[in-house]
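Each chain is listed here by its residues.
2 protein chains.
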Amino acid sequence: MPALKLTPYKCRITWLGLVPEERPDIRSVPVDDVELTYAGVQGEMHSGLTRPACVRVKEQFARGTEIANTRQLSIVSAEELAEIAAQMGLEAMDPAWLGASMVVEGVPDFSHLPPSARLQGPDGASLVIDMQNRPCLFPAREIDKDHPGRGPKFKAAAKGRRGVTAWVEREGRMAVGDALRLFVPDQRAWRPGK
Amino acid sequence: MPALKLTPYKCRITWLGLVPEERPDIRSVPVDDVELTYAGVQGEMHSGLTRPACVRVKEQFARGTEIANTRQLSIVSAEELAEIAAQMGLEAMDPAWLGASMVVEGVPDFSHLPPSARLQGPDGASLVIDMQNRPCLFPAREIDKDHPGRGPKFKAAAKGRRGVTAWVEREGRMAVGDALRLFVPDQRAWRPGK
Numbered sequence: 001m002p003a004l005k006l007t008p009y010k011c012r013i014t015w016l017g018l019v020p021e022e023r024p025d026i027r028s029v030p031v032d033d034v035e036l037t038y039a040g041v042q043g044e045m046h047s048g049l050t051r052p053a054c055v056r057v058k059e060q061f062a063r064g065t066e067i068a069n070t071r072q073l074s075i076v077s078a079e080e081l082a083e084i085a086a087q088m089g090l091e092a093m094d095p096a097w098l099g100a101s102m103v104v105e106g107v108p109d110f111s112h113l114p115p116s117a118r119l120q121g122p123d124g125a126s127l128v129i130d131m132q133n134r135p136c137l138f139p140a141r142e143i144d145k146d147h148p149g150r151g152p153k154f155k156a157a158a159k160g161r162r163g164v165t166a167w168v169e170r171e172g173r174m175a176v177g178d179a180l181r182l183f184v185p186d187q188r189a190w191r192p193g194k
Numbered sequence: 001m002p003a004l005k006l007t008p009y010k011c012r013i014t015w016l017g018l019v020p021e022e023r024p025d026i027r028s029v030p031v032d033d034v035e036l037t038y039a040g041v042q043g044e045m046h047s048g049l050t051r052p053a054c055v056r057v058k059e060q061f062a063r064g065t066e067i068a069n070t071r072q073l074s075i076v077s078a079e080e081l082a083e084i085a086a087q088m089g090l091e092a093m094d095p096a097w098l099g100a101s102m103v104v105e106g107v108p109d110f111s112h113l114p115p116s117a118r119l120q121g122p123d124g125a126s127l128v129i130d131m132q133n134r135p136c137l138f139p140a141r142e143i144d145k146d147h148p149g150r151g152p153k154f155k156a157a158a159k160g161r162r163g164v165t166a167w168v169e170r171e172g173r174m175a176v177g178d179a180l181r182l183f184v185p186d187q188r189a190w191r192p193g194k
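These protein sequence lines map, in sequence, to chains A and B.
When you line the first sequence up against UniProt numbering, it's residues 1 to 194, in that order.
When you line the second sequence up against UniProt numbering, it's residues 1 to 194, in that order.
To be clear, the hints were calculated from the coordinates, so they are not data collected in a lab.
All values derive from a computational prediction rather than experimental measurement.
Honestly, I wouldn't trust all of these hints.
Chain copies aren't distinguished; within one or between two, either way the pair holds.
[To be verified] With a straight-line Cα cutoff of 16 Å, these simulated EDC-like cross-link-like pairs (lysine to aspartate or glutamate) come out:
1) Lys-58 x Asp-186
2) Lys-10 x Glu-21
3) Lys-5 x Glu-22
4) Lys-145 x Asp-94
5) Lys-153 x Glu-21
6) Lys-159 x Asp-123
7) Lys-5 x Glu-59
8) Lys-155 x Asp-32
9) Lys-58 x Asp-146
10) Lys-155 x Glu-83
11) Lys-159 x Asp-109
12) Lys-159 x Asp-186
13) Lys-58 x Asp-123
14) Lys-155 x Glu-142
15) Lys-10 x Glu-66
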């Protein structure tokens, strides 16, 4: 009676990055592999079992309230990055501009993956997808530094393509090139109006 | 840009229970309130920041593998318990038979709440819903002890009505009678075939 089902999608890591704890801006720095602990990516600015509540959850928590950290990783898809770039008139989107932790390819409609989906690497390390990420204004600043005038186009182009946030369910290592298995909750949609 | 939206449902806690760590069976014992920590309900058999993987996640993990504990609480709805009871020819379902942690009323189609939904209590304590729970065979044994011959009807009657599993996002206290606010991810369904 598993509650998660394996999907047929071949998901592959094409890029990994981390935002250093002492950072000058939101950019992430490319790395070949990451060590995942229950607190997130070791040495990463977003790591922590808990985090102070930010403006994204202001409907629920006063800013700074300690809450469980479901935003340890920011995962985006290569396909959606290409769509954002095309819409912005850029050749490519550098995931570092977004402060992304991981780029994957092979999963259609990636940003709308069902919440509580799982991505599992070759050594068994597993990530829980919390939900869709939302475009914020900071990437626009980074894009504008490299492509003056293009930054302001980011927010609209990234809508619905900003990837997902995730946290570590099982510790382990993930590396560029790894194939990930994608599991999604095996349940129908909520029907509150039935 | 909050990723969660408040729903209009008035959700109220009608029962709380905990399964003692030294337990003779799966039954939970009713309590008036619970203290929620990041490890779950204090003094509860299912508490823990991590848990050993069980048969429910055998597609992902070898049995006993240490994983994050997203099954700290088992939450069921009063309405769905009444439906199960009716289908089994019982006057009422005792949530203790299920080893439930919490019974709530007021949310339609409760077992199919969107994964990653949040339930928040009056003091700000917050639970993350991982996903639908699945009927197992143990409640049938407990029902059969109190209503001989009825136990075997449980599994079919409980299908799609077995509630959800949840874990603690913000610490605090919840008590019988508390009103909970229900937030759900503000995103459309996944469309992998688009």
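| message | As a check of your reading, is Lys-10 near Glu-66 (CA-CA no more than 16 Å) within one copy, between copies, both or neither? | response | Neither, since 36 Å and 26 Å both go past 16 Å.
| query | Between copies, within a copy, both or neither: which fits Lys-155 and Glu-83 at Cα up to 16 Å? | reply | within (13 Å within a copy, 47 Å between copies)
| field | Status of Asp-123 relative to Lys-159 across identical chains (alpha carbons, at most 16 Å) | value | So Lys-159 and Asp-123 fail the 16 Å test inside a copy (33 Å) and across (34 Å) alike.
| message | With identical chains, the pair Lys-155 and Glu-142 could be close in the same copy or across copies; at 16 Å between alpha carbons, which is it: within, between, both, or neither? | response | Only inside one copy: Lys-155 and Glu-142 sit 13 Å apart there, 55 Å across copies, limit 16 Å.
| task | Have a look at Lys-5 and Glu-22 and pick one of within, between, both or neither, based on CA distance no larger than 16 Å. | result | So Lys-5 and Glu-22 fail the 16 Å test inside a copy (39 Å) and across (33 Å) alike.
| query | Is the C-alpha distance from Lys-159 to Asp-186 at most 16 Å within one copy, between copies, in both cases, or in neither? | reply | between (27 Å within a copy, 13 Å between copies)
| task | Please work out whether the CA atoms of Lys-10 and Glu-21 approach to 16 Å or closer within one copy, between two copies, in both situations, or in neither? | result | So Lys-10 and Glu-21 fail the 16 Å test inside a copy (32 Å) and across (42 Å) alike.
| For Lys-155 vs Asp-32, is the C-alpha pair at or below 16 Å within one copy, between two copies, both, or neither? | neither (29 Å within a copy, 48 Å between copies)
| At most 16 Å between C-alpha atoms: does Lys-153 with Glu-21 qualify within a copy, between copies, both, or neither? | This pair counts as neither: shortest intra-copy Cα distance 28 Å, inter-copy 56 Å.
| said: With identical chains, the pair Lys-145 and Asp-94 could be close in the same copy or across copies; at 16 Å between alpha carbons, which is it: within, between, both, or neither? | reply: within (12 Å within a copy, 62 Å between copies)
| query | How do Lys-58 and Asp-186 come out at 16 Å by Cα distance, when the copy is not named: within, between, both, or neither? | reply | between (31 Å within a copy, 15 Å between copies)
| Up to 16 Å CA-CA - Asp-109 versus Lys-159, copy category | within (12 Å within a copy, 30 Å between copies)
When held up to the earlier numbered hints, the structure conflicts with 2, 3, 5, 6, 8, 9, 15 and fits the remainder.
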